[in-house]
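Student: Protein chains in written order, with my numbering: chain A, 1 to 482; chain B, 483 to 978; chain C, 979 to 1071.
By construction, these hints were calculated from the structure, which means they are not laboratory data.
Among the clues, some could well be false.
[Claimed, not checked] In silico contact screen, one side only, chain B against chain C (beta carbon under 8 Å); selected entries:
| hint | residue |
| --- | --- |
| 1 | Ser526 |
| 2 | Ser615 |
| 3 | Ser624 |
| 4 | Ile626 |
| 5 | Asn701 |
| 6 | Lys704 |
| 7 | Pro757 |
Idealized CB from N, CA, C, for every residue including glycine.
In case you want the letters, here they are:
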Amino acid sequence: MPKRQPISSLVNSLKEKKISVHELFDQFHKVAKENKNNSYNLVLDPDYQKSNIEASQERYSAGTNLPLDGIPLGIKDLFCTKGITTTASSKILSNFIPQYESFVTQQLLNDGAIFIGKNNCDEFAMGSSNETSHFGPVVNPWQNKNNPSEKLVPGGSSGGSAAAVAEGSCVASMGTDTGGSIRQPASLCGLVGLKPTFGSCSRWGIVAFASSLDQAGPITNCVEDAAYILNSISKHDFNDSTSSNYQRDDYIKDIDKKLDHKIKIGIPSDYLKNVTPEITAQIENTKKSLAGHDIEFIDVAFETTDYALSTYYIIAPAEASSNLARYDGIRYGVREEGSNLDDIYLNSRTSGFGDEVTRRILIGTYVLSAGYYDAYYRQAQKVRRLIKDDFQRVFQEVDFILTPTTPNEAFKIGEKLDPIAMYMNDVFTVPTSLAGLPGISLPSGLSSNGLPLGVQIIGNYFEEKKLLQLSNLIEKELSFNE
Amino acid sequence: MSNNWEMVIGLEVHAQLKTTSKLFSSSPNLFGSEPNENVNFIDSGMPGMLPVLNWACIEKAIKTGFALNFTINKHSVFERKNYFYPDLPQGYQISQFEFPILSEGYLDIDQPDGSTKKIRIERAHLEQDAGKSIHDIDPKFSFIDLNRVGTPLLEIVSYPDLSSAEDVVNYMSSLRQTLMYIDVCDGNMQEGSLRADVNLSVRKPGGELGTRCEIKNLNSFKFIRQAIEFEFQRQIEVLEAGESVEQNTMLFDTNTGETRPMRSKEFSHDYRYFPDPDLLPVNLTDEQINQIKPSMEELPHEKMNRYINEYKIDKDISKIIIAEKENTVLFEQMINESDVAPKNIASCLVGDIFAFIKEKNTEVLSLLEFTKDITDLLKLISEDVISNKAGKEILPQVLEGKGKPNELVKKMGLEQVSDTSELEKIIDEALVGEEENIAKFQGGSDRVLGYFVGKCLKSTKGKGNPKLINKILLEKLKIINGKSLIFENCDKINDK
Amino acid sequence: MSDIDIKRISYLAKLKLPSEKEEFYSQSLEDIIQWVDNLKKIDTSNVKPLHNVTEATVSIRNDNIEKNNTPEDVLKNSPERAQNFFKVPKVVE
């Protein structure tokens, strides 16, 4: 894949009039319009964005440009965008046009960004391969060099967002991460994917999957771009009761700053128990690249890793089963006819949801139902506390934790039919989500098939600034080593 | 038949909280608006919309806690109650389940024999109201109006301590009175601001509790009474026929006065309560709770005691006044604005003013603008400027805003004659030719005094101050040193 | 066969599984429930459930009205309406 220009240099080019906002938009729109990887559910054309493009250009001319002025972004089709169809890649919402703008996308608009379109994703963000979309699977722009004809998954659920950045149809994109849905596709597409601390970015206006886990974040070509986006979207929002009023940093400032004191990075042995040598090599690569710095690597061990997936696959479906109760064909969305009201409910929901969504609604309904609540749901909530405490224990010893992002490279579309095998993809990302910690996936190397692999760095709560500084360092050292 | 059976009743009362906006959204909490006028994207359950708690609802719950002797829980949790219904846009109702804001309270109700009965209240929790489905516009379709969605409700759940329809009505009206006093609920049952679910079972006195049925959504005292009586008889009939009562949710048909089971469900309900992940627990500090205490309005029984002890008003009259909060507002404004004896104000209120309200069918609070005029009028009476009778004549004019009391007195020519010399003249004239009656009086007949007063009043066209006339008359009729004054006066008159 | 009553679960979730798919979902549910069953091994008797990593909120509103939309905005996406009502087949209570 070719090196891409970071946001900072694009902004400079726009400032210096080397390129116009219109030209920049066209350049990306042309690729998006082809939609050859099915990474968009909807592409917005230059006419639709005309006034935004012109306003942005005017600001550049007046020297009053905003932080993301004129930067073409892809938006996961889970963010409600005012006046623009928002489907969550589900049949049941395929005709839904929100009359409101999500908090996060509003911040991006306020900072001058221009949207290229709505990115395909797993239906209601439920999936790890972007194969559950009502609008068909997204194809990973990367190819297996040993078998180039194979179509590979981009990861999920923000697969369209990742593929769009990888294919060069937008500068960066917005994803959401519930159990790994930003980090995992970023890893499989050779990109940077940041899931901020739970409570950093408002969930207001994002179609809900699992409310206690959902978090918005960027998928970008480089760490600095992630900092640009995070600066825009990480803000306290009174309308989201789980939004934190923590004082945010300027994430771009000092991102290149050298480490001024020794840092400790923990490597959890339990994460590396059953992984392939190729995956272990990613950790080793990363360690090696940092050899010249005052960094100590410490072996750490979690006690709860084996329980994280089970905990996640109880809590997330439980919340989802309730969050998706509102899709009933009564007030919005696709209504299937029926002879009476109950039939309308049953027909609209049954035909409106795909297999994976149906499965998760059933799991969630089951674990919350009378007689099973204590054994499953309540037990999972208790284990969730143990997982959080486990991280806090480890963070007393170390500043960061380094793990693989995924247990494998991008796999073939249609290869994993067994849901549990699919859920296993989230094994390294889910614990962080349950604990609500920030995690970032960075490209760390290529597999023997020439496919990208990534490592995940986990920071402590609201330590995104330090996390981005370290990530920036790793990115530089790894590319230097290449 | 029912003599052998007794009923055991617990009540779940839903009180809509008197707030400006809804429980979790900033839409107006208003009754009677155009369809879907008070609905925003949160209320209509749009994707990605999130609830934000209205502090006023917590405040009102805490006030209720103080008023009904509850334990106010510092930790409470909003949970989702999951079920499908077209007027429930989210597919769940946000309510409190495991950790309600209030637990273990009670309310004393009056018994016919003058004693009180303590009704224990298990809990009270905050929850969202649902919207309304309108079924009677079209034979085939229902129409959904979401205005009521998200209106804050406080559900107050009693123990089964009630044992008659009378008990239930007493409990409910006492609860209503209290909630209205503390400004938590407007108490308007017709508009559904206060509704009750009745849980009723029957048993032989002292026997084991029977299977209960729940009668849903009763919004008038009349319906509550009817529903209880019908359901009581129904359950007795079932049991006496040797069958057993099936646990059921019943609807009350207001047209027939009968209860009937709701359409039976294929499977029983399972609401799958779990803590709402969009909301965090409500954690209150002692400070936050105690801050609300000073703003607590006086409760009905506190007010009554004050009226009796401080204002020296009879218990019966006090009871009449405190029955509705608005009465006390009117009453206390009159007391605060004047130095007329509270007793006089109270008797005027429960007498002539209530009669006026009843006759004209006006709102008690609409008279607030005339309180100064009312007390001015009472002052004119107590200062003998006008008679009581004249006061009664003027009052309706005052209450209709037709003028100030002193203007009306002049206009209607009702000013009382209190000029002593003028009255003396009238009395002297009235006594002329009454030697026989005077003799009777002197002989010990008191009745004659009344006759003389009446005669004098008549000659003043009712405007003479009766008290003064009485006094002067007595003086004149009194025998001093064995000699009647009257004859001296008569002599004087005769001399002229 | 498991004790998972797929008919009851789908009834609660308002889903009408086609009969040929009942077995598929039933099996799938069974597998997943078995897979998550390892949680039962952990002693959590002294652990408080964690519902959300944010444990306190600053979002408590004052009791004010804000109106940012019209009824039309709310009704715009409705599949069927009658004037400003949502319309559905008759609800039988």
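Student: All hints, please: hold or fail.
Tutor: Results for each hint:
Checking B:Ser526 against chain C: minimum C-beta separation of about 5 Å stays under 8 Å; hint holds. For the restraint placing B:Ser615 at the interface with chain C, the shortest Cβ-Cβ distance is roughly 5 Å, inside the 8 Å limit, so the hint holds. Below 8 Å, beta-carbon pairs count as interface contacts, and B:Ser624 has one with chain C at about 4 Å; its hint therefore holds. The interface hint given for B:Ile626 is met, as the beta carbon of that residue sits about 4 Å from the closest beta carbon of chain C, less than 8 Å.
Given the 8 Å rule on beta carbons, the hint for B:Asn701 is violated: about 15 Å separates it from the nearest Cβ of chain C. With its C-beta approaching chain C no nearer than about 21 Å, B:Lys704 sits outside the 8 Å limit, and its interface hint is violated. Because the beta carbon of B:Pro757 sits about 4 Å from the nearest beta carbon in chain C, less than 8 Å, this interface hint is met.
Checked against the numbered hints above, the structure violates hints 5, 6; every other hint is satisfied.
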